[in-house]
Amino acid sequence: MASSISVERQGAIATVALSNPGKLNALDRSMWEKLGTAMRELSADAALRCIVLRGAGDDAFAAGADIAEFASERAAGVQAAEYGALIHATMQSVAQCRHPVIALIKGACVGGGLEIAAMCDLRICSESSRFGVPIKNLGLTMGYGELQGVLAVVGRAVTLEILLEGRVFDAQEALAKRLVNRVVADPDVEGVAYAMAARIAAGAPLVARWHKQYIERLNPLPQVSPDEWNEGFACFDTEDYKTGVAAFLAKTKPQFKGR
Amino acid sequence: MASSISVERQGAIATVALSNPGKLNALDRSMWEKLGTAMRELSADAALRCIVLRGAGDDAFAAGADIAEFASERAAGVQAAEYGALIHATMQSVAQCRHPVIALIKGACVGGGLEIAAMCDLRICSESSRFGVPIKNLGLTMGYGELQGVLAVVGRAVTLEILLEGRVFDAQEALAKRLVNRVVADPDVEGVAYAMAARIAAGAPLVARWHKQYIERLNPLPQVSPDEWNEGFACFDTEDYKTGVAAFLAKTKPQFKGR
Amino acid sequence: MASSISVERQGAIATVALSNPGKLNALDRSMWEKLGTAMRELSADAALRCIVLRGAGDDAFAAGADIAEFASERAAGVQAAEYGALIHATMQSVAQCRHPVIALIKGACVGGGLEIAAMCDLRICSESSRFGVPIKNLGLTMGYGELQGVLAVVGRAVTLEILLEGRVFDAQEALAKRLVNRVVADPDVEGVAYAMAARIAAGAPLVARWHKQYIERLNPLPQVSPDEWNEGFACFDTEDYKTGVAAFLAKTKPQFKGR
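Protein chains in written order, with this note's numbering: chain A, 7 to 265; chain B, 7 to 265; chain C, 7 to 265.
Note that these hints are calculated values from the structure, not bench results.
The hints are all genuine.
The list treats identical chains as one, so a pair stands whether inside a single copy or across any two.
Here are the simulated SDA-like pairs of lysine to any residue, each with C-alpha atoms no more than 25 Å apart in a straight line: (1) Lys183 <-> Leu227; (2) Lys259 <-> Ala81; (3) Lys259 <-> Arg136; (4) Lys259 <-> Arg215; (5) Lys40 <-> Gln16; (6) Lys263 <-> Arg205; (7) Lys259 <-> Ala201; (8) Lys257 <-> Pro140; (9) Lys183 <-> Val164; (10) Lys248 <-> Glu237; (11) Lys183 <-> Glu222; (12) Lys29 <-> Ala62; (13) Lys183 <-> Ser134; (14) Lys183 <-> Leu224; (15) Lys183 <-> Glu196; (16) Lys263 <-> Ser49.
Take these sequences, add in the hints, and give me the full structure.
So, in structure tokens, the structure goes:
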């Protein structure tokens, strides 16, 4: 089955679903492109009042970027910067959507999936969800455009913990880390998320949009210079990156050398 | 009974009480003015060491601005900007008070009441307190001068949740959201709050004042330009604002149209 | 027994221990100097992958600056500014270390000890640890260079609570305040901390260093001007400071006069 981004509407509420069957909805290039396009189109639609962003099925919100593509799409720094610009544009399409966006999380919310969830306005997850960014095992860094959103949600100390330890953790720990707003028993999470969406949709829609703008204005995502931005792709030219991706695909333990 | 702001002193500790009987201490224009005056006078008094800010009675800290006044005081953007400047000046009189200010919270701490509490240095509440900013149901936005303080206390993600969902929540959730520093059983909350005030008053008073200044210096409330400031009152010129206030006063459910 | 800073290495993991027997590892001048030197040397060593910073023994991480030295080293503002510059340089040697630094906390983590822990990347503590900055009872302020790190970890509201109340609190409260990342049963805390260090050391080391840099770049510690910096030592010229230190050494209760 092919990967896809689906969009469904029910009244003033739209649902966007990430789908990559058999790969825990890991995002390949076409999904990053289609997600950005979908979010920009929905943002432009003034009749809309709330968006629910979720993974297809029950097993995952999303497991990050599709590592099988790394050899073809992110083999070295220059190429990876181009792929990184695509990821960043899509992250921004979520963060800058004028309507409130709820991340409805079930199962794996890992790597780029966690980053997308961090760009949403609200995060609600099922009790059996799990979270983490274990990219230190791939020899891979989170770029500035992805880091902005995670920092804005959980702050400096938790971001350091997530990235330096690279541990996968459960829903209650995600709540304690303030990575999610609410944890719900597995059978109820969709009901609670759509009740939240309905509550938002019943409010004055211009007020929701203004509140998003005002908060962004007072608390803008931090920016970096173009030079710094490009330095954020240095990992793709390291030997350790090749080692990490190869070990991941071979399901072995990488031996990093620090170069 | 008329609304009022009372000030009592016991040694180096002053108590300021918000009172609007039968209206959950909702703040009318005269209360905003008198609260600002009281806080500025107490700030100037070098003999003082701590202020406890509370609602009169057991039912509320404060329920926000008095909505009955909106038709006369905040009927459109220009007039609302003038009222907003008054609210902002009062918020700043709390935030910039040179003495430590403890919010002692019982019952409803909602809307502008929650905003005032956020401007205090410490927040302690009773187990049965409840919190929220359900202004999306009024077609009303929180202005920049109010939003600054809430963001400084709970951060971006919780502020978005509070404003977009507009849900009223209990004391334990307020603690988990870090909106309050401590939750105390109802019969004990006053004792614990005044023990805290006594502990503060026993410390070196110049040290408390310097610590407040140093923290403000390193973590200043974010500011906006005068033009942006004025754009923060756009909601008052919308049809949805009229709809929301009318529905509130009629105790009906508003049907917003997004204009 | 003399105070000391010890450094031990086991593979890619170094352990730095603060030791001042009988004084809960309170840092005297020579310890501030040696800690800074040790951290700068370890940071320069590219073969290293993780540092565990701890107190010697089971009774304390560190109890802050050694108050017995205050009469000779910090008797007035000008001299205290020089001592403060030393403290700041050491704090920065921890914060700017290019390797991940884990604070392994047992027992007292108070005053300057808490500040050092805040400069680390991760904080793990035993269940019986205790925390606080009761310097309001000494007539002493936290300088800008120390405050930066505490604010970066726990934010404005918790920093105000810690400094204004000056209360000593337990490990579970430290976790709720997000001052520590993890609380572990006393017998297990060393095992868990070194398992964390091993997990970090198994990741790509350049990735860990880049992540630290990227987060610092997006979330830099706030800075102040040299004039403001010097104003941060005003407390040392007050009568209350002399009163506070004398009362501490005499184990009596200080009576502050606000001058």
